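Protein chains in written order, with this note's numbering: chain A, 1 to 577; chain B, 1 to 577.
Be a bit skeptical, because a hint or two may be false.
[As the list claims (entries may be wrong)] Distance ranges between label pairs, derived from CB positions: (1) SER379(B) - THR367(A): 20 to 28 Å; (2) ARG405(A) - ALA234(B): 52 to 60 Å; (3) LYS409(A) - ASP76(B): 54 to 62 Å; (4) ARG386(A) - PRO551(B): 48 to 56 Å; (5) ALA190(B) - GLU468(A): 51 to 59 Å; (6) GLU408(B) - VAL576(A): 55 to 63 Å; (7) ALA363(B) - GLU154(A): 19 to 27 Å; (8) ARG386(A) - GLU68(B): 38 to 46 Å; (9) ALA66(A) - GLY411(B): 33 to 41 Å; (10) GLU468(A) - GLY504(B): 47 to 55 Å; (11) GLY445(B) - ARG405(A): 22 to 30 Å; (12) VAL576(A) - ALA363(B): 18 to 26 Å; (13) GLY415(B) - ARG405(A): 49 to 57 Å.
Honestly, the hints are just simulated from the structure, not real lab data. Computed from a prediction, not measured in an experiment: that's the story for all the values here. Glycine included, C-beta positions come from ideal geometry on N, C-alpha and C.
There are 2 protein chains.
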Amino acid sequence: MRKTPKSPKTRRKPKTAGASRTPLVIGMDYGTDSVRCVIVDAADGHEVASAVHNYGRWARGLYCDAAENRFRQHPDDYLDGIRETVREALAQAPAGSAARVRGISIDTTGSTPVAVDRAGTPLSLRPEFRDNPNAMFVLWKDHTAIEEAARVNETARGWGGENFTRFSGGVYSSEWFWAKILHILRTDPAVREAAFSWVEHCDWMSAVLTGKTDPLAIPRSRCAAGHKAMWNEAFGGLPSEDFLVRVDPLLGGLRKRLYRQTVTADAAVGTLSPAWARELGLRRDVVVGSGAFDAHMGAVGGQIEPHVLVKIMGTSTCDMLIAPHADVGDRLIAGICGQVDGSIVPGMVGMEAGQSAFGDVYAWFKTVLMWPLDAIAASHERIDKRTHARVRRAVSDRVLPELARAAEKLGPGAGGLTALDWINGRRTPDANQALTGAIAGLRMGTDAARIYRALVEATAFGSRRISERFDEQGVKVKSVIALGGIASKSPFVMQVVADVLNAGIKVVRSQQACALGAAMFAAVVAGVHKTVQDAQRAMGSGFEAEYRPSPERAAEYDRLYARYQSLGRFVEQETVS
Amino acid sequence: MRKTPKSPKTRRKPKTAGASRTPLVIGMDYGTDSVRCVIVDAADGHEVASAVHNYGRWARGLYCDAAENRFRQHPDDYLDGIRETVREALAQAPAGSAARVRGISIDTTGSTPVAVDRAGTPLSLRPEFRDNPNAMFVLWKDHTAIEEAARVNETARGWGGENFTRFSGGVYSSEWFWAKILHILRTDPAVREAAFSWVEHCDWMSAVLTGKTDPLAIPRSRCAAGHKAMWNEAFGGLPSEDFLVRVDPLLGGLRKRLYRQTVTADAAVGTLSPAWARELGLRRDVVVGSGAFDAHMGAVGGQIEPHVLVKIMGTSTCDMLIAPHADVGDRLIAGICGQVDGSIVPGMVGMEAGQSAFGDVYAWFKTVLMWPLDAIAASHERIDKRTHARVRRAVSDRVLPELARAAEKLGPGAGGLTALDWINGRRTPDANQALTGAIAGLRMGTDAARIYRALVEATAFGSRRISERFDEQGVKVKSVIALGGIASKSPFVMQVVADVLNAGIKVVRSQQACALGAAMFAAVVAGVHKTVQDAQRAMGSGFEAEYRPSPERAAEYDRLYARYQSLGRFVEQETVS
């Protein structure tokens with residue numbers, strides 16, 4: 001069912017004299033663990049050079065507490081990352097490339113806000129807050145603000161005024177801007193005192209590069225503001241002061257130190273500051289674009305079009321959809337992460353949904369299966385340390401591929417199993433972080449491969465729920481594009497998703513679609529291309545594979561999907577009660 | 001909470017001259033994998049010698065197909081077993097012991113019937129059927145007869161006549177006599193032609209030893225007949241010919257080649273045949289008792305008393321209860337495996353319940369966890385065979401003990417998990433083999449130890465359901481006695497069960513309670529003791545430990561039990577629909 005075109009994964013153009021005149025652009029992609037820099041030819045999108053930097057402090061586990069779901073990142077990790085990757089990529093690129101770079105755009109994770117002082121400096125860059133996690137960026141997946149999100153939702157439902165959650169799917173999440181800010185204001189008086197304003201990671205990066213970090217003047221990303229901070233033109237900007245104070249008086253006065261206006265990612269923020277031009281080895285007239293979230297720029301890099309769902313599939317998924325205003329009208333898409341004018345492609349309604357755990361479901365199961373080797377063999381008096389390390393490594397690398405190989409031989413349903421993918425809560429449809437995963441239908445003969453297959457099917461069913469929600473709400477999903485680690489590396493999973501969705505799925509050829517999307521925006525802000533669509537047409541990587549559904553399996557999955565939904569209803573009821 | 005008396009596990013009396021005059025008895029216990037022989041002093045129950053024989057053909061996996069739940073045992077495995085163990089035990093016993101043996105009684109698994117010819121010879125002992133699994137004993141856990149059991153139930157509900165399932169808890173099981181017979185009659189014409197009658201393993205053993213194997217004359221065990229073949233005085237014996245023919249015409253005529261009368265296990269069948277006396281090295285006047293099932297004799301060996309629930313806890317559980325007729329009256333205990341006059345202790349109503357999987361639930365989880373070592377490391381090109389075998393063995397031995405150690409440190413509920421123990425169906429209350437297990441409440445942080453704890457709690461909740469069912473139906477459970485592998489070797493599990501039941505549990509000291517129970521019956525049939533109760537008083541082993549519930553944990557388990565029941569209702573609904 002998988003159709004693989006013959007061309008190689010990464011298009012590297014032969015270096016010809018003619019090519020050396022075309023303008024280059026830089027796309028920066030700040031992910032959860034690392035940052036990528038790609039230097040791309042703006043004329044045809046071919047990758048000239050790239051580099052990756054793993055965040056050093058993060059890799060050492062600093063400032064985080066996984067048991068508490070507290071995940072913070074230090075701004076120095078981000079600054080180290082851009083310095084190192086841009087320099088390294090330029091070093092790899094043909095001589096003279098630096099001078100050809102015309103624009104740079106940046107995507108980051110989000111909502112990942114930080115408290116800044118009057119000058120726009122993250123508090124953790126000041127000596128007195130250097131090691132205070134509350135003075136650092138609060139990473140998207142930090143879940144410390146569950147109570148504060150509940151307070152936002154309670155207030156939105158009960159206060160009688162404007163429902164500010166209505167463009168955010170009707171439910172505010174603990175992963176988002178206001179909840180995170182309030183959590184820190186409530187728990188850290190020192191940060192509360194010192195914080196003048198708060199800035200999203202994607203906005204701060206562009207501000208830093210241009211040297212203009214005044215929090216009152218930083219152009220704020222429409223994408224971050226609209227999806228995570230309840231900003232909307234219909235509200236005249238952010239939620240009203242009244243509302244915010246009713247959520248918690250601690251939020252009082254902050255609104256006027258944030259922003260009224262936002263910009264889409266095709267807007268230029270300025271040019272490189274002299275210091276950063278020197279630091280990066282680039283010209284001072286390099287245009288810096290307004291930032292946006294990785295999934296949003298990734299959707300553009302993945303060649304999103306109206307009514308084409310782009311699924312960014314990794315540990316979790318982000319599912320991105322765009323539609324002309326005329327197609328959405330006044331509809332409010334209930335239960336998704338938000339609908340925001342221009343958040344993905346300027347001029348279109350950008351819609352975001354996603355699954356809290358996708359690859360993480362498989363990673364979780366792998367961790368469970370590794371228990372005998374991790375908890376017993378590691379300290380067994382009859383197994384020496386070297387043998388243990390050797391066996392563990394050899395086995396660990398093979399667990400997921402071998403599970404996939406074994407699971408692929410089984411039929412849908414793996415002999416009567418039904419699983420639920422909510423082991424990290426449910427992001428969409430209808431966010432509920434309190435929900436949990438489940439496995440039903442266990443028998444004596446249920447082995448690890450069967451459980452794995454059921455888990456894969458569960459994640460696919462979770463995807464189907466999202467597609468169905470868009471359809472039900474009147475926003476048609478015409479076709480599906482996938483990118484990310486799972487899309488490119490897990491053919492078994494992708495085939496199951498195609499069968500469950502009963503839809504073909506095209507897999508983006510570029511392995512760096514987010515960074516490529518950022519480069520497309522850089523090409524627009526630098527004036528190489530007029531519109532995002534033009535940049536997509538010129539610079540798109542195309543697709544490396546297409547998964548087509550089997551009608552027989554699709555029919556069987558229809559039946560199994562009903563069981564999945566039934567199990568889901570049960571878990572929802574139990575969670576409420 | 002565990003109280004361990006100081007005396008050793010097995011009471012071996014010092015050999016004194018005076019002791020050498022007391023009569024000895026032999027208890028034989030045919031289990032699933034092996035047969036045990038104990039030679040016991042009938043005066044005080046101390047074990048003189050014992051021996052175990054593992055079934056040779058069974059150990060090689062012959063005649064079975066686990067994937068199809070087909071489990072058959074060859075009669076030669078049983079004959080080899082008694083010869084070898086009796087000889088070996090006698091060889092270990094003090095000189096002169098053989099001449100002191102006065103009685104022998106036998107328990108076996110059940111329902112484990114076999115097709116026999118006119119002479120009472122199992123068909124598989126005839127050359128033409130030697131390798132035909134359908135001509136062998138159909139082991140208790142064989143589930144090939146699910147359709148036939150459904151047919152029995154359907155007929156019992158719909159035919160308008162006497163409900164013959166009413167003393168069997170209202171549901172006939174695929175593990176039982178008629179379903180198994182019908183399955184073979186339907187599927188094997190050759191066996192159907194050659195089978196004159198059918199005999200339970202426990203009845204056949206006594207018949208063989210006395211040399212009187214005429215199927216029309218073999219004394220039939222009340223226990224086997226009443227619990228598994230719907231025999232009852234109220235029906236005038238077995239279900240009517242009408243009923244049986246309505247189940248399937250293939251059963252027509254069989255009833256009159258089976259039996260009308262049954263005997264309790266305190267009845268003598270006869271004395272050893274000359275051939276078997278010679279074969280075993282025993283006197284010809286050794287009295288052979290009527291057989292019964294292992295759990296029933298085990299309950300006697302475990303010192304069952306009226307209203308004391310004896311739990312035999314191994315891969316599955318058998319839960320045995322006795323009560324005077326006056327306490328049960330006309331009540332029909334719905335949903336248990338049966339209530340039969342004298343099936344455990346003559347003169348009392350014997351009631352049987354049980355869980356289809358107990359230790360098997362833990363064994364199942366261990367198998368899942370061993371997948372990386374079994375499916376990957378075993379054939380990994382970077383791991384040599386010797387290293388693999390060494391690591392696998394070392395880890396395998398440790399998995400369950402280490403899981404218990406880690407799980408013991410967690411609180412009840414293991415962080416929000418609820419599991420269901422029906423991975424091998426549900427035996428009682430309300431038999432339903434189609435039910436399956438489940439695990440709910442999974443989160444990213446759910447590790448193997450948490451899952452294990454949830455599974456242990458699930459098996460304990462399954463035990464609570466059984467106790468509650470007896471109580472609800474008006475048969476009070478005053479206290480609990482446990483025996484079997486789990487009872488003696490898994491203190492963590494036993495403490496959870498005590499907490500969940502909110503009841504103290506005494507663990508029988510004897511590691512061979514079934515064989516000891518058989519020896520008690522042997523002492524009665526040989527005339528050493530007048531009644532089973534007398535034999536229990538004189539020969540009982542006492543208890544090695546007592547688990548007492550913690551009131552705090554018991555209260556918490558009350559709450560978790562409600563979740564377990566809720567999950568159970570969901571799975572039942574899904575299974576029906």
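Evaluation of the provided hints:
{"no.": "1", "hint": "SER379(B) - THR367(A): 20 to 28 Å", "verdict": "23 Å, holds"}
{"no.": "2", "hint": "ARG405(A) - ALA234(B): 52 to 60 Å", "verdict": "58 Å, holds"}
{"no.": "3", "hint": "LYS409(A) - ASP76(B): 54 to 62 Å", "verdict": "38 Å, violated"}
{"no.": "4", "hint": "ARG386(A) - PRO551(B): 48 to 56 Å", "verdict": "50 Å, holds"}
{"no.": "5", "hint": "ALA190(B) - GLU468(A): 51 to 59 Å", "verdict": "55 Å, holds"}
{"no.": "6", "hint": "GLU408(B) - VAL576(A): 55 to 63 Å", "verdict": "32 Å, violated"}
{"no.": "7", "hint": "ALA363(B) - GLU154(A): 19 to 27 Å", "verdict": "47 Å, violated"}
{"no.": "8", "hint": "ARG386(A) - GLU68(B): 38 to 46 Å", "verdict": "44 Å, holds"}
{"no.": "9", "hint": "ALA66(A) - GLY411(B): 33 to 41 Å", "verdict": "20 Å, violated"}
{"no.": "10", "hint": "GLU468(A) - GLY504(B): 47 to 55 Å", "verdict": "54 Å, holds"}
{"no.": "11", "hint": "GLY445(B) - ARG405(A): 22 to 30 Å", "verdict": "28 Å, holds"}
{"no.": "12", "hint": "VAL576(A) - ALA363(B): 18 to 26 Å", "verdict": "35 Å, violated"}
{"no.": "13", "hint": "GLY415(B) - ARG405(A): 49 to 57 Å", "verdict": "32 Å, violated"}
Checked against the numbered hints listed earlier, the structure breaks hints 3, 6, 7, 9, 12 and 13; every other hint is satisfied.
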